[in-house]
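Each chain is listed here by its residues.
2 protein chains.
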Amino acid sequence: MQTDRRSPDDVLTRLSESLPGRVDTAAEVLTAARTDRSGHRSGADPLAVVHAQSVEDVQAVCRIADETRTPLVVRAAGTGLAGGAVAGAGELVLDLTGMDRILEVSPADRLAVVEPGILNGDLNRALAEHGLWWAPDPASKDISTVGGNIAMNAGGLLCAKYGVTREAVLGLKVVLADGSLIEMGHRSVKGVTGYDLTALMIGSEGTLGVIVEATLALRPAVPGEVVTLGAFFPDVVAGAATAAAITTAGLVPAIMELADEATLAAIKDYAGPDGADLPEEGAFLLIQADGPGAAAEGTRMLELVVANGGTGRIAETPEEAERLVALRRSAFPALERLGTPLVEDVAVPRTKMVEMFAQIREIEARTGVRIPTAAHAGDGNLHPILVFGEADGVGGSGEIPQHVWDAAGEVFRAALDLGGTLTGEHGVGLLKRDFLAAELGEVQDELQRRIKAVFDPHGIMNPGKVFV
Amino acid sequence: MQTDRRSPDDVLTRLSESLPGRVDTAAEVLTAARTDRSGHRSGADPLAVVHAQSVEDVQAVCRIADETRTPLVVRAAGTGLAGGAVAGAGELVLDLTGMDRILEVSPADRLAVVEPGILNGDLNRALAEHGLWWAPDPASKDISTVGGNIAMNAGGLLCAKYGVTREAVLGLKVVLADGSLIEMGHRSVKGVTGYDLTALMIGSEGTLGVIVEATLALRPAVPGEVVTLGAFFPDVVAGAATAAAITTAGLVPAIMELADEATLAAIKDYAGPDGADLPEEGAFLLIQADGPGAAAEGTRMLELVVANGGTGRIAETPEEAERLVALRRSAFPALERLGTPLVEDVAVPRTKMVEMFAQIREIEARTGVRIPTAAHAGDGNLHPILVFGEADGVGGSGEIPQHVWDAAGEVFRAALDLGGTLTGEHGVGLLKRDFLAAELGEVQDELQRRIKAVFDPHGIMNPGKVFV
Numbered sequence: 001m002q003t004d005r006r007s008p009d010d011v012l013t014r015l016s017e018s019l020p021g022r023v024d025t026a027a028e029v030l031t032a033a034r035t036d037r038s039g040h041r042s043g044a045d046p047l048a049v050v051h052a053q054s055v056e057d058v059q060a061v062c063r064i065a066d067e068t069r070t071p072l073v074v075r076a077a078g079t080g081l082a083g084g085a086v087a088g089a090g091e092l093v094l095d096l097t098g099m100d101r102i103l104e105v106s107p108a109d110r111l112a113v114v115e116p117g118i119l120n121g122d123l124n125r126a127l128a129e130h131g132l133w134w135a136p137d138p139a140s141k142d143i144s145t146v147g148g149n150i151a152m153n154a155g156g157l158l159c160a161k162y163g164v165t166r167e168a169v170l171g172l173k174v175v176l177a178d179g180s181l182i183e184m185g186h187r188s189v190k191g192v193t194g195y196d197l198t199a200l201m202i203g204s205e206g207t208l209g210v211i212v213e214a215t216l217a218l219r220p221a222v223p224g225e226v227v228t229l230g231a232f233f234p235d236v237v238a239g240a241a242t243a244a245a246i247t248t249a250g251l252v253p254a255i256m257e258l259a260d261e262a263t264l265a266a267i268k269d270y271a272g273p274d275g276a277d278l279p280e281e282g283a284f285l286l287i288q289a290d291g292p293g294a295a296a297e298g299t300r301m302l303e304l305v306v307a308n309g310g311t312g313r314i315a316e317t318p319e320e321a322e323r324l325v326a327l328r329r330s331a332f333p334a335l336e337r338l339g340t341p342l343v344e345d346v347a348v349p350r351t352k353m354v355e356m357f358a359q360i361r362e363i364e365a366r367t368g369v370r371i372p373t374a375a376h377a378g379d380g381n382l383h384p385i386l387v388f389g390e391a392d393g394v395g396g397s398g399e400i401p402q403h404v405w406d407a408a409g410e411v412f413r414a415a416l417d418l419g420g421t422l423t424g425e426h427g428v429g430l431l432k433r434d435f436l437a438a439e440l441g442e443v444q445d446e447l448q449r450r451i452k453a454v455f456d457p458h459g460i461m462n463p464g465k466v467f468v
Numbered sequence: 001m002q003t004d005r006r007s008p009d010d011v012l013t014r015l016s017e018s019l020p021g022r023v024d025t026a027a028e029v030l031t032a033a034r035t036d037r038s039g040h041r042s043g044a045d046p047l048a049v050v051h052a053q054s055v056e057d058v059q060a061v062c063r064i065a066d067e068t069r070t071p072l073v074v075r076a077a078g079t080g081l082a083g084g085a086v087a088g089a090g091e092l093v094l095d096l097t098g099m100d101r102i103l104e105v106s107p108a109d110r111l112a113v114v115e116p117g118i119l120n121g122d123l124n125r126a127l128a129e130h131g132l133w134w135a136p137d138p139a140s141k142d143i144s145t146v147g148g149n150i151a152m153n154a155g156g157l158l159c160a161k162y163g164v165t166r167e168a169v170l171g172l173k174v175v176l177a178d179g180s181l182i183e184m185g186h187r188s189v190k191g192v193t194g195y196d197l198t199a200l201m202i203g204s205e206g207t208l209g210v211i212v213e214a215t216l217a218l219r220p221a222v223p224g225e226v227v228t229l230g231a232f233f234p235d236v237v238a239g240a241a242t243a244a245a246i247t248t249a250g251l252v253p254a255i256m257e258l259a260d261e262a263t264l265a266a267i268k269d270y271a272g273p274d275g276a277d278l279p280e281e282g283a284f285l286l287i288q289a290d291g292p293g294a295a296a297e298g299t300r301m302l303e304l305v306v307a308n309g310g311t312g313r314i315a316e317t318p319e320e321a322e323r324l325v326a327l328r329r330s331a332f333p334a335l336e337r338l339g340t341p342l343v344e345d346v347a348v349p350r351t352k353m354v355e356m357f358a359q360i361r362e363i364e365a366r367t368g369v370r371i372p373t374a375a376h377a378g379d380g381n382l383h384p385i386l387v388f389g390e391a392d393g394v395g396g397s398g399e400i401p402q403h404v405w406d407a408a409g410e411v412f413r414a415a416l417d418l419g420g421t422l423t424g425e426h427g428v429g430l431l432k433r434d435f436l437a438a439e440l441g442e443v444q445d446e447l448q449r450r451i452k453a454v455f456d457p458h459g460i461m462n463p464g465k466v467f468v
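For the record, the sequence lines run as chains C and B. Here the UniProt record's numbering is used: position 189 in the first sequence is 189, and no number is missing along the way. Here the UniProt record's numbering is used: position 433 in the second sequence is 433, and no number is missing along the way.
These are computed hints drawn from the structure, not numbers from a lab. Be aware that a few hints might be false.
A pair holds if it fits inside one copy or across any two, identical chains being indistinguishable in the list.
Using 25 Å as the maximum straight-line C-alpha spacing, the simulated SDA-like pairs for lysine to any residue come out as follows [said to hold, decoys possible]:
no.	residue 1	residue 2
1	Lys161	Gln59
2	Lys161	Gly272
3	Lys161	Pro223
4	Lys161	His458
5	Lys161	Thr248
6	Lys161	Thr25
7	Lys161	Leu12
8	Lys161	Thr68
9	Lys161	Pro107
10	Lys161	His51
11	Lys161	Gly293
12	Lys161	Glu280
13	Lys161	Glu364
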């Protein structure tokens, strides 16, 4: 194989010749590509940002990057929480925000074909006109792209009932590192020809190839009214036990969100006078049931809340329901006021949630780092939020102190010890790569690296992410 | 890398020493391993069948096979329909039927941990006691194993509503060709650490490694009564159009099975006097709705049947419902009486089903091969059944005449031209490997082969299957 290493200037010259008008080296654009919503910031500006408008643009960029051995970071909205799209010195950024078209919506085939740069929220607003929706529902949906959701295998609030992103993608068009374009998956519901590379791409965090088109499996709008239940408990253990009881009873809430004591306190404080009726202490569980059985399910869930020592109420008006949802939604901004947040993302088997909350309390006590925690309780996905620095510290330097990292490491280890995972939905990116092998084991870690090398023999696709 | 090619006798000696009492060379056992339910038969007996009882047994067999470069065919119930578990000259068979334990059922985590050799039906009977079920529902469920279902990414009747096998597996323990044991996936609902090797293994047809344990995602039993609707149409086009109208209307039947004119005629003939009330000609659509909205859905579905020129009726008693289901279930035995069946398995986008039925009619006319067809109409998966030889020809030589293969090839090409796939749920195995590259394209075909080589560098795992 002929190599063709060139100086950064040569790379920029080739890019500008091949992609006139697409290559951006404006200082603010380069600087913006150094960070994402994790708060992590790379040490230096990348070489350039290329604003792709077409599959051909992507192919041209990949070919040049591959031939010149230039690291390539694929990026769109930059809403990642693990540093997966952070670009640094000597790296090229491929920006897909310009590829944001909906190419097809087929109610009869119950699918949509889209470009990667479309925002999840924009897509779902367009689908709603057809009585359809795309189920992946990350909290970032109004600002994150479908391509990013796929690259990360995004989760969200609805996963226990409606699945993660992997279950909502039928096929992908992918540009490989060498610029070749392949089609994976199917337009049909079923299909088992060869290995499931579509599933392999989902969650691969930009390390295997560039997703340039996606065929998405849609769902019909869920009929009937949504039933919203807000419940308060003396402590998070009682709340987690209630969530477990609901699952064990065979009920399947659409949403089941648990906020621990510190999170509820922050929510109450953030709400000001509007939160006067919230309890002074305790935990908060928000549940929504949907579909034709929602009313009956809501009633049974409320019985389980009470049986587990909580007080709860089913919202009687849309306004009351919206207020309960808004309380949960305010958790993150409320916690941001306490200091700089490092948002973690462990997941454990549902039965281990109570124990995981207890472990987080112990880690807090041992390390002195505050770790308020909210959880997608229906699927055992906890977001321990390690808060450091000054109150209202958002927009700080992006540097995470070592003692906070150490506490995060203890959280990871506790999750793994409970049979869980480092990351339920945010990905490994830069921030969790040191722990990858601890979860996968050495043999699988090596196997995964060799799979990457099959797709990307020169290691140009998002190097340093996921794998150290 | 040190190679260690040995004669077949040496291989058997090593196996017998390492696995006393597990190595079987009885003639009838070897001969049975030459075929599966596809009817395909290999040219010669394999070397031996090793009856594994434990993970350690599997590891020992893999190590010996890998070191001696002996092809290894993993097998259990032998119910495959594509020749994926067919073993021939010089090959070793690893039989997993002895590894059939349920290791854990956790209603609270809504999961089960099982060995691969357990029958799907046996597992589901055990789960029913906990109010749970495992959704994969191939027609073979009473005779096929969970491990086989996973190795094939089995589908079945319920997929449009409840997903395929890939959506029902959380994690796997896998023995690689070199004997190493790795754990993929999670016990948690979510988890995005590294590449999704669990999904890659599902449907890999024994070519990547040996599944020795599976952690299965379960569902709570669906509440309420199942509504069963039987409908008859003047022709299969009207039936397929009705199925499409039901999907387009946003309804989600649990089951929607379509039998074409030739299939319905065979069913009526097979039923004898019991089928006197069935129409002389036309097509049959069987629909089941379940869950809390089933009654309302059934009514709307019946309206769509009538609007599309059909006559239908919602079963009023369990006996009436069972009779309708039994009619559909009798399709395969009914068709077997016409001759030797070659069961194909194409899938197309739902909107292309009408066109696919028309293409099959054209291929029948052009080739003279009869191709009665039944379809999982909810997901566009058609089973064209190419009938050849004498009536009541079951148990024939297993040799498929060239003109029947040619007709099957035309069916495959028609499905691909309609944006579909070679195989919706049966797998590629031996029987469809010649068409793999036509579906995947050359670049992806090569990529998949290189992925196989990562898992299995010496090419011992089910060689000749999936890939030519």
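Against the structure, the hints:
1. Lys161 to Gln59: Neither: 38 Å inside a chain and 37 Å across chains, both beyond 25 Å.
2. Lys161 to Gly272: For Lys161 and Gly272, neither the intra-copy (34 Å) nor the inter-copy (45 Å) Cα distance is at most 25 Å.
3. Lys161 to Pro223: both (15 Å within a copy, 15 Å between copies)
4. Lys161 to His458: neither (40 Å within a copy, 42 Å between copies)
5. Lys161 to Thr248: both (14 Å within a copy, 22 Å between copies)
6. Lys161 to Thr25: neither (44 Å within a copy, 49 Å between copies)
7. Lys161 to Leu12: So Lys161 and Leu12 fail the 25 Å test inside a copy (47 Å) and across (50 Å) alike.
8. Lys161 to Thr68: neither (46 Å within a copy, 48 Å between copies)
9. Lys161 to Pro107: Both, since 22 Å and 16 Å are each at most 25 Å.
10. Lys161 to His51: neither (37 Å within a copy, 40 Å between copies)
11. Lys161 to Gly293: both (14 Å within a copy, 16 Å between copies)
12. Lys161 to Glu280: Result: close neither inside a copy nor across copies, 32 Å intra and 44 Å inter.
13. Lys161 to Glu364: neither (32 Å within a copy, 44 Å between copies)
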